[in-house]
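Enquirer: Given chain A, put chain B in place with the hints provided.
The lines below spell out each chain.
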Amino acid sequence: MEHGRHVFRVLFVLLLAIVAIVLGRALLIPKSYGLYGPYRFDNVAEQASVRPPLHGGAASCAGCHADRSKAHAAGSHKVVSCEVCHGPLGRHVKGGKVVAKMNVDHSFTLCARCHRKILGRAEKFPQVVLSQHVQSPLEGRVCLECHDPHSPKL
Amino acid sequence: MDENGSTRREFISNAVKLGGGALVLLSGASASGENSAEGYDWEAHRYAYLIDTTKCIGCGSCVRACAAENSVPDGFFRTWVERYVLSAEASHVDSPNGGKDGFPPVEPGFAPTKSFFVPKMCNHCKETPCIQVCPVGASYRTKDGVVLVDAQRCIGCGYCVQACPYGSRFLSPSTHTAEKCTWCYHRITKGMKPACVEVCPTKTRQFGDMTREDDPVRQAIEHERVAVLQPQLLTEPHCYYLGLDKEVR
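Same order as they appear, the protein sequences are chains A and B.
Residue numbers for the first sequence follow our numbering, beginning at 1 and rising by one.
Residue numbers for the second sequence follow our numbering, beginning at 1001 and rising by one.
Okay, chain A solo, but in the shape it has when bound (with noise of 0.2 Å):
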């Protein structure tokens, strides 16, 4: 009789440990997670939607700026997009509204990054050592006082 109630005793415990072990599992792991693998699945809706897109795209500009648009696409710029001289298309509108005016940057740090010379890039690419391509070489704005930057050939 004083034995069977030690069983009893040990059995309740055990008991007590499983269900506390069951509950704090399912408080404790997140609802989706294991649905496809080991990982919480509602984190992928949340990558989803993590933030609105801020980069466009090159069709978003044409939509107010049809006529620079045109021009652009017919220049031998055409195959460089908008915002990579302009910036993100979401600093200037969102939700749109023209939220502040788009970046301009004359400098010609802009035109370099692309078509000063320097080791790494392709022979054929069009590249400029600034002292052999101009006479007086001018930092600043010196690019864009000959060239149209939408179409720079001359």
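Read the hints as simulated data drawn from the structure, not as lab findings.
Note that the structure is predicted; figures quoted are calculated from it, not measured.
Some clues are possibly wrong.
As the list claims (entries may be wrong) - Okay, derived cross-link-like pairs now, DSSO-like style, lysine-lysine, Cα gap no bigger than 27 Å in a straight line:
1. B/1126 to B/1143
2. A/78 to A/117
3. B/1190 to A/78
4. B/1126 to A/31
5. A/70 to A/97
6. A/117 to B/1246
7. A/117 to A/153
8. B/1114 to A/124
9. B/1055 to A/124
10. B/1143 to A/31
11. B/1055 to A/117
Expert: Then chain B, alone, in the frame of chain A:
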């Protein structure tokens, strides 16, 4: 009395906090019912990325676009560009600020016989070392082939950062969780291209879907001689390179 009042105040504020916590838990539970992005079927896509190194001019537009699009902290990179200046005897490799500001002229101190740029990023491997080492199931690969990090589960142990043979992960200085290229998952699930592909002026970077037969990237992978980085590791990267040099790891 005064002391009593303050403990009561504490009790009430704690109770409110607990109640708030319970509410957050409840709302979290109800939100988890809707689990995929609206109108997007992840089984209908299998993404791949193609990098034609012969076209890269090292302008760094991709690095800038990535940083802006994904709010990448300064000094950390989800994608970067490396420059290789090589001769038979010597080599010079640099990536100033990840190539974000472009590349300055360089004097390597030897007569180079070839030089080129190589854009790098997460390779979105099929057999990823990074997922294998994650102790909490924070790193995973989606059905459409993108390797992602669940920042909520990540404990910031940094195992994955060390495990990645391509160096494409880092611990975010603000959240202290692992961060990496997501192929702009918030864009591609809406039918857009990753920001780096969107701005690449030379079409060095291309993004495609292997489930579509006429996809240019799939066509290139099927018909051109493409390579992957460090194939000996059997990680099965899904970033494919054209014109890759033996010196590039």
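Enquirer: What's the verdict on residue 70 of chain A and residue 97 of chain A, does the C-alpha distance respect the 27 Å limit or exceed it?
Expert: Roughly 23 Å separates the two Cα atoms, so the pair holds.
Enquirer: Are residue 1126 of chain B and residue 1143 of chain B close enough, with their CA atoms no more than 27 Å apart?
Expert: holds (11 Å)
Enquirer: Does residue 78 of chain A lie within 27 Å of residue 1190 of chain B when you go C-alpha to C-alpha?
Expert: Holds: residue 1190 of chain B and residue 78 of chain A sit about 25 Å apart, inside 27 Å.
Enquirer: Does residue 1246 of chain B lie within 27 Å of residue 117 of chain A when you go C-alpha to C-alpha?
Expert: With Cα atoms ~25 Å apart, residue 117 of chain A and residue 1246 of chain B stay inside 27 Å; holds.
Enquirer: Would the pair residue 1114 of chain B and residue 124 of chain A pass a check requiring their Cα atoms to be no farther apart than 27 Å?
Expert: Holds, at roughly 14 Å.
Enquirer: Does residue 124 of chain A lie within 27 Å of residue 1055 of chain B when you go C-alpha to C-alpha?
Expert: holds (10 Å)
Enquirer: Is it true that the CA of residue 1143 of chain B sits at most 27 Å from the CA of residue 31 of chain A?
Expert: holds (19 Å)
Enquirer: What's the verdict on residue 117 of chain A and residue 153 of chain A, does the C-alpha distance respect the 27 Å limit or exceed it?
Expert: Distance ~18 Å between residue 117 of chain A and residue 153 of chain A Cα, so the pair holds.
Enquirer: Within a Cα-Cα threshold of 27 Å, do residue 1126 of chain B and residue 31 of chain A meet the stated pairing?
Expert: With a Cα-Cα distance of about 26 Å, the restraint between residue 1126 of chain B and residue 31 of chain A holds, given a limit of 27 Å.
Enquirer: Are the Cα atoms of residue 78 of chain A and residue 117 of chain A separated by 27 Å or less?
Expert: holds (21 Å)
Enquirer: Holds or violated: are the alpha carbons of residue 1055 of chain B and residue 117 of chain A at most 27 Å from each other?
Expert: holds (15 Å)
The structure shown violates none of the earlier numbered hints.
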